[in-house]
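Colleague: Each chain, letter by letter, is given below.
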Amino acid sequence: MKRIIKSIILTVFALSILSSCESILNIDILGKNTIDGYFSSLDGFKAAGVGLHSRILKFYDDELIKVAELQGPHININKMNIDEAAYLVYEFASEAEHIAGHPYYAWNKGYEVITNANEIIKYAPKIHDISPNASKEIDKVEAYAYFARALVLFQLTNIYGQAYDYTSDGSHLGVCYMDFVPGFDDILSRHDVKYCYEHTLKDLQKALDLFGGDEVTDVTFANGLACEALLARVYLYMKDYDNAAKYARIVMDKVPLVERDKYIDMFRRAQGYPGEGIFRLNTYNEGSAMRSTCDPTNNQDILPSKDFYNSFEDNDIRKSLLWFEGEEEDSENMEMKTLAICKYLPFKHGEEKEENRRADYNVLRVSEMYLIHAEALCLGANKDLKAAENDIKALRARALGVNKDEIKLIYTGAEQLYTLIKEEREKELAFEGHIFFDYKRRGESIIRDESCEDNDRKLEYPSYRFAMPIAQLELQANDYMVQNPGYNGRKEIGE
Amino acid sequence: MKFRFTCLLVVLCALLSIDSFAQKSTRILRGKIVDSSGEALAGAVVYVPSTKKGEVANIDGEYAIALPEGKRVPVEVSFMGMNTKKLFVEADQTVLNVTLEDDNQIEQSVITVGYGVVQKRSDITGSAYQVNAEDIKTLPKGNIAGMLSGIVPGLQVTESDSYARNRFSLRVRGDASLSANCEPLWIVDDVPLYVGSTTGNTVTGMSYSVSPISFLNPEDIESITVLKDAAMTSIYGANGSNGVILVTTKKGSNDGQAHLTAKIQQGFSKTDPTTLIKYCNKEQWLSLATEAFLGAGYTMDLFPYQDNEHNSYSTTDTNWQQVYLGPGQHSSIDLTIRNGAAKMSNYLDFSFFNEDFIVQGNNTKRFSVNERMSFDMTRKLRADLKLALSYNINDIFSLSSSMMKVIPIFSPYDEDGVTPRLYNWYIRELGTTEVVQRKFVYNDVPDREFNDNYQYGLTASGSVNLKYNILDGLTASTLLTLNNFSSMELMYDSSRTLDGISDSGLNGYSRRAAAFTNSWTHSSKLNFNKSIGLNKMYALAGYEIHSRESHSFYATGQGFSNDSIKEISYATDQTKKGSSSADNSRQLGYFANLSYTFDNRYVLTGSYRRDGYSAFSTYHRWGHFGAAGVAWNIDKERWWHSNHIDRLKINASYGLDGNSRVNTSSSYGTYTYGSSGNYGGAMGAVQSAVPNPGLSWETTYKFNLGVSTALFNNRLNLQVDAYDNYTRDLLYSGRVSSIIESGSVTRNVGVMENKGFELTVGVDIIKQPQRDWSVRFNGSVNRNIIQELYKDMHTGFFDTVWVKGASKGAFWLSRWAGVDPTNGAPMWYDANGNLTYTFSYDNRVLLEQYDTQPDFYGAIVSDSRWGNLSLRVQCNYSLGGWALNGKYYDGYDILSSNTIVEELDHWRKPGDIAINPIYQLNSSNNSSLGSTRFLYNCSYFQIKNVALRYVMPDSFNRALKVNGMTVSLIGDNLYMFCAGMSKNRNSYKTLTYQNGITRAISAQIEIEF
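These protein sequence lines are chains A and B, in that order. Number 493 in my numbering belongs to position 490 of the first sequence; there are no gaps in the numbering. Number 1720 in my numbering belongs to position 777 of the second sequence; there are no gaps in the numbering.
Hints are not guaranteed to be accurate.
Claimed, not checked - Quick list of in silico lysine-lysine cross-link-like pairs, DSS-like style, CA-CA up to 27 Å:
{"#": "1", "chain 1": "B", "residue 1": "Lys1519", "chain 2": "A", "residue 2": "Lys356"}
{"#": "2", "chain 1": "B", "residue 1": "Lys1286", "chain 2": "B", "residue 2": "Lys1194"}
{"#": "3", "chain 1": "A", "residue 1": "Lys351", "chain 2": "B", "residue 2": "Lys1382"}
{"#": "4", "chain 1": "A", "residue 1": "Lys340", "chain 2": "B", "residue 2": "Lys1382"}
{"#": "5", "chain 1": "A", "residue 1": "Lys82", "chain 2": "B", "residue 2": "Lys1382"}
{"#": "6", "chain 1": "B", "residue 1": "Lys1382", "chain 2": "B", "residue 2": "Lys1225"}
{"#": "7", "chain 1": "B", "residue 1": "Lys1014", "chain 2": "B", "residue 2": "Lys995"}
{"#": "8", "chain 1": "A", "residue 1": "Lys356", "chain 2": "B", "residue 2": "Lys1520"}
{"#": "9", "chain 1": "B", "residue 1": "Lys1213", "chain 2": "B", "residue 2": "Lys1926"}
{"#": "10", "chain 1": "B", "residue 1": "Lys1213", "chain 2": "B", "residue 2": "Lys1348"}
{"#": "11", "chain 1": "B", "residue 1": "Lys1519", "chain 2": "A", "residue 2": "Lys351"}
{"#": "12", "chain 1": "A", "residue 1": "Lys82", "chain 2": "B", "residue 2": "Lys1830"}
{"#": "13", "chain 1": "B", "residue 1": "Lys1382", "chain 2": "A", "residue 2": "Lys356"}
{"#": "14", "chain 1": "B", "residue 1": "Lys1348", "chain 2": "A", "residue 2": "Lys82"}
{"#": "15", "chain 1": "B", "residue 1": "Lys1698", "chain 2": "B", "residue 2": "Lys1734"}
Read the hints as simulated data drawn from the structure, not as lab findings.
Work out the full structure: start from the sequences and follow the hints.
Modeller: Below, the structure written as structure tokens:
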């Protein structure tokens, strides 16, 4: 008996010592996907493409539209409700030191898109090996990544850099372009604006190749046409009017303008109306930041200026996107009638499910192509004022609900026509994230409407403030980062 | 010294013997008194209460004493440093041999250290403090962590009540880390206790966390030892740097008798009214609101709150604190059976604890069963089994602080006085007269009445420990423990509350969640213990594997046909959602410990541990930790002669510990497939953590120097410990370029120092057989300094900042420059010290003189006894330390929320020298943003616990046929004195706890059968 017990004990000890082999620490991590482990199937790769779009949406929703619109001339704020970060942007007073402001978040939400795009590009060859028969699907996801990288690089350059032609050779500061997934020890510094534009074009061409000539089935995902539309915009910003007109024309020929009676629904009932979108961010089930910032029933932060509202003719359908009227579905605010940016406020009526109510963000839509086309033909070396006039007439006729022939544009010469184009552009693309960049590329001062809060605030061109500061947090964390001229550099605590 | 003492005893013995033999009508009782190791206790006292006579044992521990003839007589046997034994001598008994056991409270006795090893205090070289069952028996039974408040030097227990029930955060010698968890490691009977996720005390997967520590039954605890320095903690290696709390549970007895103890407690509690935040009453609020409203250029006929058919504002006067707070009560029943014989012992405890909190609608119940059994299978093999179950039911009503700030003219009920109110009717647009209906989201009364929030927690653990005695002094043991921790959460938002009412008409919202953590721990070790002549050696070597896996699930749904059906299966199909998550990790450690004592004078110790953790990448997976210590018992030196100093010991140690409590995905980098990457209704995946392959342990280098002494016949005990701890490779969640990662990244950068000292003084003021009084005092100082940071960058948190050269808790604020008497405008100093009228975060300066940490803290405990009556009084105190009062708005939102009474002291007219600026509705001067105006001192002195106990006399026990009975009356949190306390204004004690401090009075009966 004793011997048996002894041998049992010895066995237990021996086993337990064997079991303590160090390899027991090599466990499969539960509940989380390591990056390399994640990119090992086609389905996972495709889901990364979906996730990439969710990050583009966040970048637009939280940062890009606000940065562009808060610095526009026709916006007003509700001082009681607006948060400090947005207020500083409105006041043209952003500084590097403001910890949680837009200068910081626009940067890192932008790079979040680029990082996710780079992961997709990095793993595309591996997925090709795993699923050799799905090259078309893989190419499409990879094309998303190139498009996303180009779009965000272009927009970050718009936010943090001066306009393309600020220096004659484009040697002024742009942002960091990165075509790899960086590690903590990689050097990440800013490239010049020319470099950023070149790589935007390069990535767009690459995306266009990967998309091939596929027909666009879902405008809420990046697509070949979106590449062409974005090329039109980039060329316009570069003042390469021939190319701008060329690409705008390509898109205009493929997609018609949305009709007047579908116009409002294109914005406020996006779930049923694709409208004239070329690339549109799907807001399904998203508690969007733009919606809450514009919502007059829930501490509205920003609204159109009264002057801007009054500048529309009464029968201009676009005017009704600036005036909010309460719906029956919201009994508490049924009676409400007020100025508001309604492009981001989905209708409740006719849609029971909260998550289905969509007010999608039109990153690229056909009306913009008309405006690009008009501007390019008006300003370019190969002028065609008649054609430019035609583009504007098309937009205005739709807005007013009249025949194109009834529209009379009175101007003499390209310069006057250009003024009309600019006016039309402000009305058509109001609050869609263009205006600040338009003023910047045209080198125009921003002067607030009389009816705005703090209307004495203005931003005269040129100014260092046309480029946002690089956030202090980024400067501190990255030795190779340089500040935009005019802003404080690395101010340390206690100084 | 010892020799002289013995001589004295022999003489005394002789004298007393002569006296006792002179008695005639008596019988003689003889016997020998020894300690647990069988050594004779020369000088032990045998005392007969009935005759008031005592005898002292001779040099061989033998005694003889006269007893009254013919009856059963109680005797008491005592010896310094040992527990006094009370025994009965039968009428015909003539021999009584007694074995006395060490009293753990007194120096010279023993202490439990790493891996459950019991050592003599004179043999340890580090710093540890032990609390025994005796010390905590009258303390509140809700949470063991709370019991330790104040009584352990160097341990800071911070209490918060943010979820309507108290939570504790513990720090041993300050924060050892910037971003990693700073909570100490809990070890229960050699097994690490799961205390929640990396952030400490939170259970992953639950909406409301109930601390897992509250599942332990305090009645099962034999002792709690807090290990503080490297000599004590480095045996726990990678997780020892925050200190270790060792919990040892009770065991059975070997005396062949069954001991049945029953303990019943009933208590009542109430908020200490002097600790409630002083908000404005109706008149005060109205005066402020009116002033602000008129000041904004309106007239009173436009005042938003005009009486209407739904709201009778003029007649309403609600004290919201009274709405939510009320009487609480707690009760406990505890039944313990201890029995056993020579080869087997058994301990069984059943316990039930129930508490209704002062925040109405909150209840906790704990059922626990604990069984420990040990038996000798052969002469050399011993098995210990342990089974413990604790089932906890929590009915939670989570109350946020904004609920108390609702304006006093709102009523929690509709005009009928009984229906919980959901809407108010008032003018929303200032300047108009239109009265509209608004949701009353800040009324939690409907939620309390109709919503459910139940949490069920079950912990089950079972362990087997086999111990084999290989040779004399050499034992091998192996332990296997299985632990399960399960929580289930049932939440339901009723269609009668705003939470449950949906715009879409889908009313009622239900959430069902469950979380499971399973772990197993296996360790094997060899113990060696041998004395050869003057040399005493002790060694320990072994390994330990700890594996943990957690899973959590939830499902939600809305749209229920009525409130009585709450399960998700009845929810509207499209609203049903669910998710699950999981997490796992594994740790392996090898450890060794060596202790050598020469002639009880010199002690040398060394310990080593090698630890591996699965969460770190293979390059940085292993860490090495170790410590060395020396101790010198000067009083044991032959040359030592002192009439007053009975004991003097100096000890020092140096070594290093680790902290590995980081998110387990940090080193690999992850992609998350889930709702965060969803787009357009499709599931998407995004990068969630950037790979961090260099991530590794945080290492704390600890130095400790201790002096302990006993003076005047051990009447005065002093212990001083000084320490200096350096944490290197700080696990610091810091920024990298946001091009790489937008959030913070955990990295090993920076150095932080914690240094300080701890003082413990124990005085036996009166020490007589029937009367004694002792006072223990402890005080601790800790200073925290960040010595290095990544690139010496600072990290700001609005009001505090981490910056090189300052404390982790230093304030970073704009300096308040007062109120301009001419116009009431707020003024600050800018960064350069110039007066400014505009607030800017850029004007914040580092304020080292204000720190969130106290300068000096501790407790005073007095224990006194008069015969059968004893009184324990514990007072906690803390000096220094500052906090920021974030409750000022200077009128900004006075129309929509109530405010503290301090706001009555504001500027009103030119020339006023005021503390607070002009009172303005919707003012835009940013006066309420963080500045030095809001700092308040956190010094306090609190009467924490008073316990009056009465041990029933033997005659009473005999009449009831019980062996012993004790009744106690206990008061908790009786009163707090604090800096700046005032009848009419707020101070530390009113601002710290959202629901005030809970004062409790309890009665307890303890019966031994």
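Colleague: Run every hint past the structure and note whether it holds.
Modeller: Here is what the structure says about each hint:
1. Lys1519(B) to Lys356(A): Judged against 27 Å, a Cα distance of about 13 Å means the pair holds.
2. Lys1286(B) to Lys1194(B): holds (14 Å)
3. Lys351(A) to Lys1382(B): Between Lys351(A) and Lys1382(B) the Cα gap is close to 19 Å, so the pair holds against 27 Å.
4. Lys340(A) to Lys1382(B): Holds, at roughly 20 Å.
5. Lys82(A) to Lys1382(B): Holds, at roughly 23 Å.
6. Lys1382(B) to Lys1225(B): Roughly 22 Å separates the two Cα atoms, so the pair holds.
7. Lys1014(B) to Lys995(B): With Cα atoms ~16 Å apart, Lys1014(B) and Lys995(B) stay inside 27 Å; holds.
8. Lys356(A) to Lys1520(B): holds (15 Å)
9. Lys1213(B) to Lys1926(B): Satisfied, since the Cα-Cα distance of roughly 19 Å is no more than 27 Å.
10. Lys1213(B) to Lys1348(B): holds (20 Å)
11. Lys1519(B) to Lys351(A): holds (21 Å)
12. Lys82(A) to Lys1830(B): holds (22 Å)
13. Lys1382(B) to Lys356(A): Given pair Lys1382(B), Lys356(A) holds - Cα atoms ~21 Å apart, limit 27 Å.
14. Lys1348(B) to Lys82(A): Satisfied, since the Cα-Cα distance of roughly 24 Å is no more than 27 Å.
15. Lys1698(B) to Lys1734(B): Judged against 27 Å, a Cα distance of about 24 Å means the pair holds.
The structure meets every hint from the earlier list without exception.
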